[in-house]
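Based on the hints, put chains L, D and Z in the right spot on chain U.
Number of protein chains: 4
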Amino acid sequence: MIYSFNNDYSEGAHPRILQAMMEANLEQNPGYGTDSHSAHARELIRREIRREDADVHFIPGGTQTNLLAVSGALRPHQAVICAETGHINVHETGAIEATGHKVLSCPTPDGILTPEQLQRVLAHHTDEHMVQPKMVYISDATEVGTIYTKAALEELSRFCRLHGLYLFLDGARLGSALASRANDLTLADIAELTDLFYIGGTKNGALFGEALVLLHPDLKQDFRFLIKQRGAMMAKGWLTGIQFEELFQNSLFLDMASHANEMADLLRRALSDRGIPLRWESPANQIFPVLPDETAAALAEDFLFSVQEKPDQSHTCIRLVTSWATKPEGVEAFAAALRRLA
Amino acid sequence: MIYSFNNDYSEGAHPRILQAMMEANLEQNPGYGTDSHSAHARELIRREIRREDADVHFIPGGTQTNLLAVSGALRPHQAVICAETGHINVHETGAIEATGHKVLSCPTPDGILTPEQLQRVLAHHTDEHMVQPKMVYISDATEVGTIYTKAALEELSRFCRLHGLYLFLDGARLGSALASRANDLTLADIAELTDLFYIGGTKNGALFGEALVLLHPDLKQDFRFLIKQRGAMMAKGWLTGIQFEELFQNSLFLDMASHANEMADLLRRALSDRGIPLRWESPANQIFPVLPDETAAALAEDFLFSVQEKPDQSHTCIRLVTSWATKPEGVEAFAAALRRLA
Amino acid sequence: MIYSFNNDYSEGAHPRILQAMMEANLEQNPGYGTDSHSAHARELIRREIRREDADVHFIPGGTQTNLLAVSGALRPHQAVICAETGHINVHETGAIEATGHKVLSCPTPDGILTPEQLQRVLAHHTDEHMVQPKMVYISDATEVGTIYTKAALEELSRFCRLHGLYLFLDGARLGSALASRANDLTLADIAELTDLFYIGGTKNGALFGEALVLLHPDLKQDFRFLIKQRGAMMAKGWLTGIQFEELFQNSLFLDMASHANEMADLLRRALSDRGIPLRWESPANQIFPVLPDETAAALAEDFLFSVQEKPDQSHTCIRLVTSWATKPEGVEAFAAALRRLA
Amino acid sequence: MIYSFNNDYSEGAHPRILQAMMEANLEQNPGYGTDSHSAHARELIRREIRREDADVHFIPGGTQTNLLAVSGALRPHQAVICAETGHINVHETGAIEATGHKVLSCPTPDGILTPEQLQRVLAHHTDEHMVQPKMVYISDATEVGTIYTKAALEELSRFCRLHGLYLFLDGARLGSALASRANDLTLADIAELTDLFYIGGTKNGALFGEALVLLHPDLKQDFRFLIKQRGAMMAKGWLTGIQFEELFQNSLFLDMASHANEMADLLRRALSDRGIPLRWESPANQIFPVLPDETAAALAEDFLFSVQEKPDQSHTCIRLVTSWATKPEGVEAFAAALRRLA
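Chains as they are written, first to last, in the working numbering: chain U, 1 to 342; chain L, 1 to 342; chain D, 1 to 342; chain Z, 1 to 342.
Just chain U, same shape as in the assembly:
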């Protein structure tokens, strides 16, 4: 039997979430997110982030959330800066550009943006013959599994405010970042330091759904029009409301992320035991071991994972992802295979 570490959205939803959806199934609810479940979930999130003034919108998926966040904030000539590895830059089929905006990408060693990199972009964009950088996109955890420290985010936030740049944090894997032992940020910190961010449900135990949090007052106006126009306003909007109620009315959101991280820790230990190097220091639920090609090939017979890159002729860097649903048996089988192969 093949076990998958391919991603953190291979299974459905946490049983408690499904249970809540079942229980509400025959309620008659008003559509488009105007229901009481969504209102309650918004309230829970506002409380969690300690910002009663925040606007919270539930969006079915991450690409939609990103394109709404960017296109809702920018005028036609404005651009968003991100790391070269940023999801919007490489893995959304040009969704941002399809709304008319350039993505300005910066090479980074580890997927983390710094003020120095931003400064370089600003220095190159000086007049009306070039796009005008107006937003900074970061992800936490990043696409290579790294996470922002509080100090790093504060520094970035200061730079952005000084230069009139909106700071947007893509939190598709925010649960895993926050639950990481290396993390010193809270949701309230993130709400303090960014202008908008989203809390990912899809990759952390919901069937689907992301909670987009708008903090900067300029970004809030008419946002529901934008959601509708991009086809991101679900008819049965309470479905996301119910899921985020479950995630935030108790500690389910962090509990599931902690499980994912524990499973990742076990994998990291197994890799480290065999002396296998990791491509990036990634303390959350993604791991990037660099394996001899034949080891990678042998593992692929029993496990699903993706290939990240080929660092040299004889090695393969693979990506292992754990989730709320990852089974200890699956991890143990992988560790056993490693002991056999590496």
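Each hint should be verified, as a subset may be incorrect.
Remember, identical chains collapse to one label, so a pair may be satisfied in a single copy or spanning two.
[Stated by the list, open to error] Derived DMTMM-like pairs (lysine to aspartate or glutamate); straight-line CA-CA distance at most 20 Å:
no.: 1; residue 1: Lys-220; residue 2: Asp-127
no.: 2; residue 1: Lys-220; residue 2: Glu-128
no.: 3; residue 1: Lys-310; residue 2: Glu-23
no.: 4; residue 1: Lys-220; residue 2: Asp-53
no.: 5; residue 1: Lys-327; residue 2: Glu-27
no.: 6; residue 1: Lys-150; residue 2: Asp-184
no.: 7; residue 1: Lys-310; residue 2: Glu-116
no.: 8; residue 1: Lys-310; residue 2: Glu-294
no.: 9; residue 1: Lys-150; residue 2: Asp-110
no.: 10; residue 1: Lys-327; residue 2: Asp-265
no.: 11; residue 1: Lys-327; residue 2: Glu-23
no.: 12; residue 1: Lys-134; residue 2: Glu-154
no.: 13; residue 1: Lys-134; residue 2: Asp-218
Everything labelled a hint here was simulated from the structure, so no lab data went into it.
Positioned in the frame of chain U, the structure of chains L, D and Z alone reads:
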């Protein structure tokens, strides 16, 4: 207690659909619609429409499906023709225009497009100073509850093919149209007569999801790129696959629509018994009675429905919608209220 | 020899304009409109409209000016209202929609928009499922040759300000409107009553070029970025600067329009002498006589003009346009032909 | 007196071009490029490139031409590859992205694209989660003054055809490239090896105007609709027609470029005499000397030029551009200043 006839998406999903989702919850499935449930559901639909060559894509919602269908088919200077009442013309916040295309709308008495109306549009669009009409958008059932006969659709299809126009049928309420006693079309007929169409799940007992069927070969290429770009490719794509498996592996799709129509029949009878006129001949699950203002106001105390228009100073045309989940008790309560008030 | 009344851009430019371009030909000028001719022309226009705070941008053509004016002012979900006959609605190949915005068109008897028509549009656009009307587009003279009175424009302006709508006046034929005997508006009035407007050069004796005047402060920011992005920033920007210097440093702009109107007056008299009715009361440089088909056909042997519409089986409504370059001999030949034919 | 080497569009047009425009000034011509001058100019170009099947469109400016070429050829999910220094990537304010398409940029040492660089981009774009590369944009001369050899263009063309990529050559400075002593390409070669390209007028002695040549049959359909939609169809279209008639009915196009190159040769010799290194081997009309900061500053007192980059703390790389109108006295003055300063 208030009972809602506000729309056909006030409740969740048919219990069998939820059950199937529960059962598959801990399976590990590949993402983005590449799973076996989606493959099976596609196969069931291809069989039902008798077109093994059709491409079937599952899209979370109707606005996304419409904007993908239109923007995927048109070059930048091309436009889509629809009835003035067409959903894409009035109720999608300019989603089509946001992809760059003009919607050319025709006034119609009943939401049904005819070759004569199309001919008038073509006659006005003669050179490169005007957009080039290239697609015709119809909905069945229409936004005012009417449905296409086979003869009407054949005539329209002939006209479109003669003039090189793609014919796109929005089937958000296709279940109810097909289950209507006034209907003589089959899904196979629709696949024969259109270039692309969609089978609506959201308004017929699914949690969400529409099955977009691409028939014309020119429309198929690279469609998954377009889906991804617009944020309409669900990570957990099997969720729509499972729902359409349930809808089409037995007669659930039509059974639910038949229930909705039966409930509508009961409402129609109750209205007719009190001599209340209907604004349109709508033989499916939407009814548009024209009521004295005070009757409408009195009904609104116990029932939810939307106001369609004000035909004159003292009357209100309201919209009643039934669904797979509409309860006979709700209908009976409404009939009783009518007997009391009208 | 065939004489053309086909439009007001059949000839090049007034000789004084060409002369000025010749004289400046070997100057070394900075590019993109940052030259002294453009600065001077801007100053002349600001003085003429009595608004030292206005931003003036020179754009090569009308479609570009319109799409910049609209897309520069609107957020993605916002729409522009115009008359059904509005140039942006019918004769710009969907240029506005290509920037993502819906054009909401109103039927009018005469191409003139009124507050009543706007009120009807506003009443229909009530929530986030529909686009949000945010701009009103009018043209003076209109596409059917009619013009706005001061009272009509004041009323419209009041309505727009009350409802937070930007008022944009397309002045492709503003010269002819202002020079009309039926006109009681000045450029300063227009600057007072609108939020942005443009003064057309192409149709009034320039080789090309329109002067877009931005009055509302919200519309001014970063406008040069938008111009560049749409490809509307000429490398040799002084070419439009020089032309508008000539148009406005003496009365050339109105003188040329007056000539066009006088030629139109002669045509109107000749038509009236033969009892030929006009489709619209058009007191500027466009005339829309309704002719028996055979008269129209016979005239077409010696004169160029366009066909506007077929009011009935045996009549044709044609469009005659005069310009700064229309020759009295051409008009006289047309009058003679009318005497012969009608 | 200050002399400008800032660009090749500081002066108006060659006197013969102005003369031809004067002579045609009072002709009555049909609009939008349907006139006989444009037809004749198209014919001259077709003959020059030896492709009777080519479609030739005259567009007022370069940014418009580029955005039309790219957006006219690509479907929504497709992208264009270019050098990091490519004009569309850095100096058109995101004009391509504003039409919805991603620009995929490659670092290059010299602005020249090679099959190896393209191969790397293709290798990274493997599925529907990423944009689909479909066009390659090159410029000749490039933005850093380098030019393509016939061998290099043949190799690129072969690669593009093999991989189904359209090859588009931006010829804003094609005249100077073709007139360079280092060049071995002809216009006919370029027509043979690319799918579309443009011949720049603005930077080679026309008032404005670029001739876009469409070769691949798939790119031709309905192109006039696209031109109109983007506001690039001039009312007085014969103005570009006349200019290209002059450019191509005798050798004016190459003669002017040769003059520009000769002036550049004189500058290069003066720089070389003082031992000043050049940043790139640029054999056409752009030169990039690397000067000590104080020399650059001193020269800036008498000459206009732009700063390209700061290679180190004490040097400045400037850009000198010559044109059809550059005066030998200006060049001599610059050489004298160099002798004095360097």
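Verification of the hints:
Taking the shortest Cα distances, Lys-220 and Asp-127 sit within 20 Å of each other only across copies (16 Å), while inside one copy they are farther apart (28 Å). For the identical chains of this complex, Lys-220 and Glu-128 are inter-copy neighbours only, at 14 Å across copies versus 27 Å inside a copy, given an alpha-carbon limit of 20 Å. When the C-alpha separation of Lys-310 and Glu-23 is checked against a cutoff of 20 Å, the pair qualifies neither within a copy, at 48 Å, nor between copies, at 39 Å. With identical chains, the CA atoms of Lys-220 and Asp-53 are at most 20 Å apart within one copy only, with a shortest distance of 10 Å there and 30 Å across copies.
Proximity of Lys-327 to Glu-27 under the C-alpha cut-off of 20 Å is restricted to the inter-copy arrangement: shortest distance 12 Å between copies versus 34 Å within a copy. Proximity of Lys-150 to Asp-184 under the C-alpha cut-off of 20 Å is restricted to the intra-copy arrangement: shortest distance 6 Å within a copy versus 59 Å between copies. In this assembly of identical chains, the alpha carbons of Lys-310 and Glu-116 lie at most 20 Å apart only when taken from different copies (18 Å versus 29 Å within one copy). When the C-alpha separation of Lys-310 and Glu-294 is checked against a cutoff of 20 Å, the pair qualifies only within one copy, where the shortest distance is 13 Å, while the shortest distance between copies is 47 Å.
For the identical chains of this complex, Lys-150 and Asp-110 are intra-copy neighbours only, at 17 Å inside a copy versus 41 Å across copies, given an alpha-carbon limit of 20 Å. Taking CA atoms no more than 20 Å apart as the test, Lys-327 paired with Asp-265 passes inside one copy only; the shortest distance there is 13 Å, against 52 Å between copies. In this homomeric assembly, Lys-327 and Glu-23 come within 20 Å of each other (Cα to Cα) only across copies, at 18 Å, whereas the closest approach inside a single copy is 27 Å. For the identical chains of this complex, Lys-134 and Glu-154 are intra-copy neighbours only, at 18 Å inside a copy versus 38 Å across copies, given an alpha-carbon limit of 20 Å.
In this assembly of identical chains, the alpha carbons of Lys-134 and Asp-218 lie at most 20 Å apart whether taken from the same copy (13 Å) or from different copies (17 Å).
In this structure, only the earlier hint numbered 3 is contradicted, and the remaining ones agree with it.
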